[in-house]
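Student: Chain by chain, the residues run as shown.
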Amino acid sequence: MEKAAVELAKSGCKLDVVTYHDSLLGTEERPEGFRVHRVSNPVRTHVNIVTWAVTLNTELERVAANVILEIQGEPRLIHVAEWLCVPAAVQLKKTLAVPFVLSLCSTEPERSPGGPLSESIKYFEKTGCLEAVKVVVGSARRAELIQKLYAVGKEKLAILDLGDQWVEELMEQYKAALNPRERPQQPALR
Amino acid sequence: MTAKVAMFSWEFPPKIVGGIARHVYGLSRALTKIGVETLVFTCEFPGTPREENVDGVRVFRVDSYRAPTPDLGTWDLLMNQAMEESAAQVLASESGHVDILHAHEWLVAKSTIGLKHTLRIPLVATLHATEYGRRNGLHDDNERMIHQTEHWLAYEAWRVICCSRYMSDHVSWAFSLPPEKIDTIPNGVEVAKFVGTFHRASFRKLYAMAEEKIVLFVGRLVYEKGASLIVEAIPHVLARVNAKFVFVGEGYMKEQLISRTRELGVAQKAFFTGYVDEKTLRQLYRIADVCVFPSLYEPFGIVALEAMAARAPVVAADTGGLSDVVDHDKTGVKVYSNNVESLTWGIIRILTDDAYANYLKTNASEKILDLYSWDQIAVRTRSVYQRILEEYEKGVWKPIAL
Chain S
1 MEKAAVELAK
11 SGCKLDVVTY
21 HDSLLGTEER
31 PEGFRVHRVS
41 NPVRTHVNIV
51 TWAVTLNTEL
61 ERVAANVILE
71 IQGEPRLIHV
81 AEWLCVPAAV
91 QLKKTLAVPF
101 VLSLCSTEPE
111 RSPGGPLSES
121 IKYFEKTGCL
131 EAVKVVVGSA
141 RRAELIQKLY
151 AVGKEKLAIL
161 DLGDQWVEEL
171 MEQYKAALNP
181 RERPQQPALR
Chain B
191 MTAKVAMFSW
201 EFPPKIVGGI
211 ARHVYGLSRA
221 LTKIGVETLV
231 FTCEFPGTPR
241 EENVDGVRVF
251 RVDSYRAPTP
261 DLGTWDLLMN
271 QAMEESAAQV
281 LASESGHVDI
291 LHAHEWLVAK
301 STIGLKHTLR
311 IPLVATLHAT
321 EYGRRNGLHD
331 DNERMIHQTE
341 HWLAYEAWRV
351 ICCSRYMSDH
361 VSWAFSLPPE
371 KIDTIPNGVE
381 VAKFVGTFHR
391 ASFRKLYAMA
401 EEKIVLFVGR
411 LVYEKGASLI
421 VEAIPHVLAR
431 VNAKFVFVGE
441 GYMKEQLISR
451 TRELGVAQKA
461 FFTGYVDEKT
471 LRQLYRIADV
481 CVFPSLYEPF
491 GIVALEAMAA
501 RAPVVAADTG
511 GLSDVVDHDK
521 TGVKVYSNNV
531 ESLTWGIIRI
541 LTDDAYANYL
551 KTNASEKILD
561 LYSWDQIAVR
571 TRSVYQRILE
581 EYEKGVWKPI
591 AL
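Keeping their order, the protein sequence lines are chains S and B.
Numbering-wise, the first sequence is residues 1 to 190 according to this note's numbering.
Numbering-wise, the second sequence is residues 191 to 592 according to this note's numbering.
Because the hints were derived from the structure by calculation, they are not lab data.
C-beta: ideal position from N, C-alpha, C; glycine also.
Check each hint, because a few of them may be wrong.
Only part of the chain B face toward chain S is listed, based on derived beta-carbon distances under 8 Å [unchecked claim]:
(1) 256
(2) 263
(3) 264
(4) 279
(5) 282
(6) 303
(7) 308
(8) 309
(9) 331
(10) 338
(11) 339
(12) 342
(13) 590
With the rest of the complex left out, here is chain B (with noise of 0.2 Å):
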């Protein structure tokens, strides 16, 4: 059984704010590649066309500042309005016609489930996080309104997708779902953008000394990520091993953290390089001697994965979706959440023997191969499609012609 699916995303490339966008770019050009016809909807972008083709997705960019709005979730639902009345032109058209409607996360909630009631099409959710998880609890009405918009989108779809096994159970914790609706099926990493060729030893000298080995962190400097724990564990590994602490990423604590170093009188062992390009973040985690994730909460941690693929030794809090990513002394070494101890005891571990770091990023190669491919999650993800299209078939909702 073949799917035509219409997936919905507010953010696609060029227009990237977080890792959705990556994940759908991803996913629907594997899924093309396999035979499962996409079209995405999401929202426009400045310099691209409103209809084109990519890689044979067809995308389809809808304007979503219709009107001034003076919050996010009163803009998003104005722009949900706009997707669901151009989605709506196109499906309901002849060529159009799709089995499966996708929705990422609770911004195009509104949109799908007005479709889905409508052409009667199933839906299928991925929740790639949640607002409690984001927030660590539910502070304001804003949050609750959103946490309830995920319910409401968790509760019409069909199926729930989730990235790890953590944010499954979280999901079905956080919105009472059934275990049985939900499906784990991972982010994915394209491996191929992590070879080719570049002038190592040039490029290395532009962020440490020969001399010193690279611990490399990736990530928004934020609380829940962790940084502030590598800035901690900096003495205790300097007195094991001459390191430079390469910081990529921007954050309210950055400041903090700067700060916090020349406290602690390691500042010129810290280098906070703020946001990077993708090729120079590529390069960074091929010079990595270990790559460092101490999060307090992460719903999946592609930052692991990405690592993996450039074959970087891994350290990771054994937190959310890091711990399905990371097998511990198998294909990276799992620490302690929330621990400075473990941490730096997890850092010298790799960084003083070598021979350990290759068996670790060997193993890591072969399970990106083997689990994370695009290829490998659009088949998945095609399996899914294919489950819920029998059971449609077998019921009694279904489309009318007028």
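Chain S extracted, bound-state conformation (with noise of 0.2 Å):
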């Protein structure tokens, strides 16, 4: 996420950071040209790794939102990894009608099938796949997967190649992602 959210910056695109950290909270001002905002989980302990992901969410919206209240007349957009972002993602695409872009990387029925959490964990990775507005990812083979596991439609998967094009790329979906006849209906906010 590093290398990408860099490469975005030298690309012209304006973007903030997102994420987690124990201790090194707030915001951090990066030479590359973008912003890292850090939370931590406000709830320390806890039963198992979904309920430390929905918690931390939480704050992961809190902040996001903050940011993309602060973007005036610009168009917006949410890129998140993995389903342990999907929580926030999808409040923050109901309640602010800001549209987002889902990358996976793996799937849990890959990564552990038949776990006590499996089912959970499937209900986010689906859920993200079908209110993202692209899903990003790194192989024909995973889209597949994916394909036949949340029934995602093929025009909805984007296959990235990591060659020297990979950011251009990038940009090309998140301009697809951002095509008004994609977006959700904005809400009426007073």
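Join these two chains into a complex; the hints should help.
Tutor: Set out below in structure tokens:
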């Protein structure tokens, strides 16, 4: 994600990274031209990774909402990595009508099929795929798997080849995601 | 200043798990009556519509089982995800705009905190009990997680409402919350439900002989409710008064309590009814000669309030919220907590003096109407909303149109 943020910033994309850290909290201005916002989990003790992820997402959602509300008159897009950030992305889409792109590097059935939390994690992967305007994957094999697992339409899936042109390709995906025809309807805020 | 409020509760009638459902039902309807437009977001229940109007309250029910989960904590957070998504769509629309979010308990913390920040609407939290109090400490990660979620909700809330002075002090201590941030507003009771006619004599026959006085306990048969103290008091009371002890409720101590009545040789004087329906319970209150609530831990004590509304004299332990509800020698008899001798004295004091019992009943009825009617509670809750909105108006934290 760091590499992607640096390259995207170089290509003129205005971006903020919202991420997790236990102690390095707050906002960091990076010399490469983007900001990193770090939040910790508001609930310190957990019974599993899902409860940890969902409570952390409320903090990610809070800071991301502040970033989104700062931006005036420019298109907004969220890019989330993996199911771990899907809860925040879905809520921001529903509340502030900001579309999101989802990157999936692997899926729960590949990692731990039949685990006690597998169904909950698959729920977030599926919801992410359904709610995202684009689902970005690294290979045709994974694209095919996600299509089968979560019934994602081919037109929503983008295979990003990590060759020389990957930043340009990602920017193209962002532009496609921001296509007004694919954007959710803006809610009427006061 | 009129407010429009969105309340969040995991239970709302007909889904009734504990006391929160009745509280939210009573409060939301009473708020609507005094002009506070109220929306309620809650979990779905078989046979109920996803959206309905309940006496002017718009109720939205959310699918709370979208994916299988291994435990309550995980289920709760997935339910919150669904609740926040559904509420976001309603609240972000023109007709759904609200001024205040009102969370009831930690079970809806995640969804309400999320909406607070994305919509920039102030949040109020009512903490009905705490995990620390329920468990008498924190013993495992699940309990610690719930405790920290309660803490998070209390921290994020503009103001916190507790139902008794005891709970306000406890919440302030448990979450290091400034006392100025907490409002004490009691639970309410629908007095009208405790009037009406029924065939008293034939109903009474189901529970006691004509010559027996009825001593009634209502509550879960668990350690903290103190039913075992009543069982220990039975022989001492019987030495002075012929009585039948009726225990309404279920719990893990039931068999142990029944066994103890056998050991004490008073099994024929104790009647364990199990759960009863609401109508039967209200009639039981009305035929009781004394209602006894010897809790060791009690955030509020709604059962004492119900007994008082039904004009039954009350003996209560000087514990938690019961201390607020019962004024000793005025609206009931307060006894020492966890003390069989004191409890025996309190029961006999009422059963042997009808004039005294009538005096307590009259005073208790007046107190109920003055302080514990939902109309009164709604007015007090509205004033908390108004205070928040006045502060909010002066601040810079506001929604921004995209």
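Student: Run every hint past the structure and note whether it holds.
Tutor: Going through the hints against the structure:
no.	hint	in the structure
1	256	holds, 6 Å
2	263	holds, 5 Å
3	264	holds, 5 Å
4	279	holds, 6 Å
5	282	holds, 3 Å
6	303	holds, 5 Å
7	308	holds, 4 Å
8	309	holds, 6 Å
9	331	holds, 5 Å
10	338	holds, 5 Å
11	339	holds, 5 Å
12	342	holds, 5 Å
13	590	holds, 4 Å
In summary, this structure violates none of the numbered hints.
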